[in-house]
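A.B. asks: Below, each chain spelled out in residue letters.
Number of protein chains: 2
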Amino acid sequence: MKKVINNPSDVVEETIEGFLAAYNHSFRKVENVNGITRRNLKDKVGVVIGGGSGHEPLFMGFAGDGLADGVTIGNVFAAPSPNNVQSVAQAVDSGKGVLFVYGNYMGDILNFDMAAELLEMEGIESRTVLVRDDVASAPMERYEDRRGIAGDVFVFKIAGGAAEQGLDLESVAKVTQKASDQTFSIGVALNPGTMPDSGESTFTLADDEIEFGMGIHGEPGVERTKMMTADELTERLMERLLDESKIDSGEEVSVLVNGLGSTTLMELFIVNRKVAQILEDKSITIHDMDVNSYCTTQEMGGLSITLLKLDSELKELYDAPANSPYYKK
Amino acid sequence: MKKVINNPSDVVEETIEGFLAAYNHSFRKVENVNGITRRNLKDKVGVVIGGGSGHEPLFMGFAGDGLADGVTIGNVFAAPSPNNVQSVAQAVDSGKGVLFVYGNYMGDILNFDMAAELLEMEGIESRTVLVRDDVASAPMERYEDRRGIAGDVFVFKIAGGAAEQGLDLESVAKVTQKASDQTFSIGVALNPGTMPDSGESTFTLADDEIEFGMGIHGEPGVERTKMMTADELTERLMERLLDESKIDSGEEVSVLVNGLGSTTLMELFIVNRKVAQILEDKSITIHDMDVNSYCTTQEMGGLSITLLKLDSELKELYDAPANSPYYKK
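Line order of the protein sequences matches chains A and B. Mapping the first sequence onto the UniProt record's numbering, position 228 (from 1) lands on 228, and the numbers just tick up by one. Mapping the second sequence onto the UniProt record's numbering, position 187 (from 1) lands on 187, and the numbers just tick up by one.
The following block holds chain A by itself, in its conformation from the complex:
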C-alpha cells in the first residue's frame, strides 16, 4: 500500500504540523511534546483525551468548543508517554483539575496513570474515565477488559459538555463515567489497514471473508465468516449489540455508524438505513444518528455501530453545542 509520507519516523510530528497549518486559529501545539490544546481555554475542568495516532480524525479532531481541551498523541497505535500526557494536562489546567478520557488499553493506562501521579505531586488533581464500548472484546463478566473503539466519540462529547457547564471535577467525571457505562459498540472488519512506518498489514483476511468484533488495531474478533449483504451484516451486528447492551423497547439512543477507513460513506449510509429500521422495529427511540469515519485504522475496511443509551441528563449534554474541525452538534 502506497502511503503519502516522508520519513516514517516523522509521521506524527508532520501530521500535527499539517493539522495546525489548517486550524492554527483555534489550536496550538504544546511545547516539546506531540500534543495540542484549544487556544481559548476556559476557567473550568480541563478535558484531556488521547491515545495512539493512526486513527485520524481521532484524537485531534475532537478538541474544540464543548469537546476536549487538550489532546495527547502517541506514535502510531502506541500510547503517549507520561511526559506527553503530563505536559498537555499542565497546559489545560485552570486550577479546577483535569479529566482524562481514553480507550481501555494497557499501555495508555500505564502512561496516563503515571502522568496523573506526577500531576498530583504538582497539585493538579485529575480523574480518569476509560472507554470500554467494544462488546465483542470481552464478555460482560470481564467488563474491565473491554476495549475502547468508536464509542470514544460519544464519551468525549458528554465529558466536554459537562465541563463546559462548569461542573466540578468529581461531577464531570461522574457523568462521563455514566456515559461510558452506557456506550456500546461492535465492529466488523473487511480489509486490513497498513502501518505507515513498517508498511505491514494490520491483519490478514481472505478475499471473501469478514471478521466480526475485530479491534481497531487488528485484535482478534469473535467470528470469521463469509462476506454477506449489508442487511445481513447489519442484522448480525445489531443483534449482538442489543443483546449485550440490554437496550430495549421504549428506551432512547444516539447512534454512530463509524467507518474504519476505506469503507465508503455510501456503504455506511446503506448500513445506517438498516440500523434505523431495526431500532424502529424494536420501538427503540432514535434521538440522533451520525454517519462518519471518526475512528479509523489507516485504510482499514469495515465499520462499527455504536449506541449511547440516553437518560435526560445524558441527552442534555449530548445535545449541547460542540464544534471542532471534524465534529459538531
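Simulated from the structure, these hints should not be mistaken for lab results. Predicted, not measured: the structure shown is a model, and the values here were computed from it. There could be a bad hint or two in this list.
Example chain A residues on the side facing chain B (calculated, C-beta under 8 Å, incomplete) [what the hints assert, rightly or not]: (1) ASN6; (2) VAL11; (3) GLU14; (4) ALA22; (5) ALA230; (6) GLY261; (7) THR263; (8) LEU265; (9) MET266; (10) PHE269; (11) VAL271; (12) HIS287; (13) MET289; (14) VAL291; (15) GLN298.
The calculated EDC-like cross-link candidates involving lysine to aspartate or glutamate, where the alpha carbons are at most 16 Å apart (straight line), are [said to hold, decoys possible]: (16) B:LYS2 x A:ASP231; (17) A:LYS2 x B:ASP208; (18) B:LYS2 x A:GLU232; (19) B:LYS329 x B:GLU316; (20) A:LYS328 x B:ASP65; (21) B:LYS2 x A:ASP207; (22) B:LYS2 x A:ASP208; (23) A:LYS2 x B:ASP65; (24) A:LYS2 x B:ASP231; (25) B:LYS329 x A:ASP65.
Idealized CB from N, CA, C, for every residue including glycine.
With chain A fixed as given, assemble chain B onto it according to the hints.
C.D. replies: Chain B only, in chain A's frame:
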C-alpha cells in the same frame, strides 16, 4: 474489494434512505426521484447541485444552510436524468429561479440543460455555472474541456452564500461563475476505487506507480511516475497548480486538500503541511485551509489540492456561515 451493499441496483436509493434516516430533521426526499431538498427552504434563489453518485459525501453532504437547497443524484458515476433534475428544481423554486452548479461533464450538461428547457416552459427561470477546476484535464486554451473535481465544494459554498444574501438569480450566477473561474485543482491517483455495481476497478496502476492528473472517474492523467515522498509529490502538484492558475505573491487563497477515498487524514495533513510551506514561501496569503475527503471515488487512493483565489467579494461569501452534515463554516 468487498462492498457493504445489498442488491447492486439499489445502492443509490438505499444510500439516500440511509442519509435521510440520519438527517431527516433537515432534509426530505423529492418524490419519485433520487433527490433531496432542505426542509427550511427560503424565499430566495434556489441552488441545485448534483451529478453521479459514488463520490460521497458529495453531493448530498453539501445541502444545508448557506449551501445548496436541492441535490439531484444519478446512478454511480452517471448523470441524473432530466426528470430528476427538473423535479428537484421544482421542489426548491420559490419563484426567484434556480441556479444549477455542477462539474463539467457531457452527460450532466445534456440532462441539466434539458431540464432547464422543461423548467423554462413551466415559467421557472434557471442559470447554470459549470465547475472546471481540474487544470490537468485540459490546457487553458481548451478551458471549456476542463472537468470539475473537488473544487465543486468551493463553488457550491460561494453559490450558497450568494443566494442566502438574497441576491437575484443573475447576480448569484455571476459571482458563482467568478468563483468557478478562480478555482483550480490538481489530483494524483495512487490506487483505484471499485464500482459498487460491477465490482470492477476504476483503473489499473502498478504497485510502485502513481498518476498525476487522473480524473475522479479514472480518466487518464498527464503523467505516470514512480511513487515519491509526500513532500516531492506536493511540490509537483503545487508547481503545476500555481503555474496554471497564475496565482502569485500578494494574492490570497482558500485551500482544500481533498482525499479521494482511502487516503488517510494523516497523509492529507502531511500534504497540507507542505502546501502551507510552499504558499508561505511564495508570499501567497492563506485565508483558510480545509483538509477532508469531500469528493471521493469510492475507496480510490490519492488526493487533490484546490486553490480558490479570493477577492473581497468572494472572501465575504466564503466566510459566510454554512452548515450541513458534512461541511461547516
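A.B. asks: Next, verify each hint and record whether it holds.
C.D. replies: Status of each hint after checking the structure:
1. ASN6: Cβ of ASN6 of chain A sits 5 Å from chain B, so the hint holds.
2. VAL11: holds, 6 Å
3. GLU14: GLU14 of chain A check passes; min Cβ-Cβ to chain B is 5 Å, inside 8 Å.
4. ALA22: holds, 4 Å
5. ALA230: Holds, about 5 Å.
6. GLY261: Holds. Min distance 7 Å.
7. THR263: The hint holds - THR263 of chain A has a Cβ within 8 Å of chain B, the shortest such distance being about 6 Å.
8. LEU265: It holds, given that the least Cβ distance between LEU265 of chain A and chain B is near 4 Å, below 8 Å.
9. MET266: holds, 5 Å
10. PHE269: Hint holds; PHE269 of chain A Cβ to chain B Cβ min 3 Å, cut 8 Å.
11. VAL271: holds, 6 Å
12. HIS287: Check failed: Cβ of HIS287 of chain A comes no nearer than 11 Å to chain B, outside 8 Å.
13. MET289: holds, 4 Å
14. VAL291: holds, 5 Å
15. GLN298: Check passed: Cβ of GLN298 of chain A comes within 5 Å of chain B, closer than 8 Å.
16. B:LYS2 x A:ASP231: Holds: LYS2 of chain B and ASP231 of chain A sit about 14 Å apart, inside 16 Å.
17. A:LYS2 x B:ASP208: Holds - the C-alpha atoms of ASP208 of chain B and LYS2 of chain A are around 7 Å apart, at most 16 Å.
18. B:LYS2 x A:GLU232: holds, 14 Å
19. B:LYS329 x B:GLU316: holds, 12 Å
20. A:LYS328 x B:ASP65: Holds, at roughly 14 Å.
21. B:LYS2 x A:ASP207: holds, 8 Å
22. B:LYS2 x A:ASP208: Answer holds: LYS2 of chain B to ASP208 of chain A is near 7 Å, not above 16 Å.
23. A:LYS2 x B:ASP65: violated, 38 Å
24. A:LYS2 x B:ASP231: The given pair, whose Cα atoms are some 14 Å apart, holds under the 16 Å limit.
25. B:LYS329 x A:ASP65: The hint holds at about 14 Å.
Violated hints, in rising order: 12, 23; the structure is consistent with all others.
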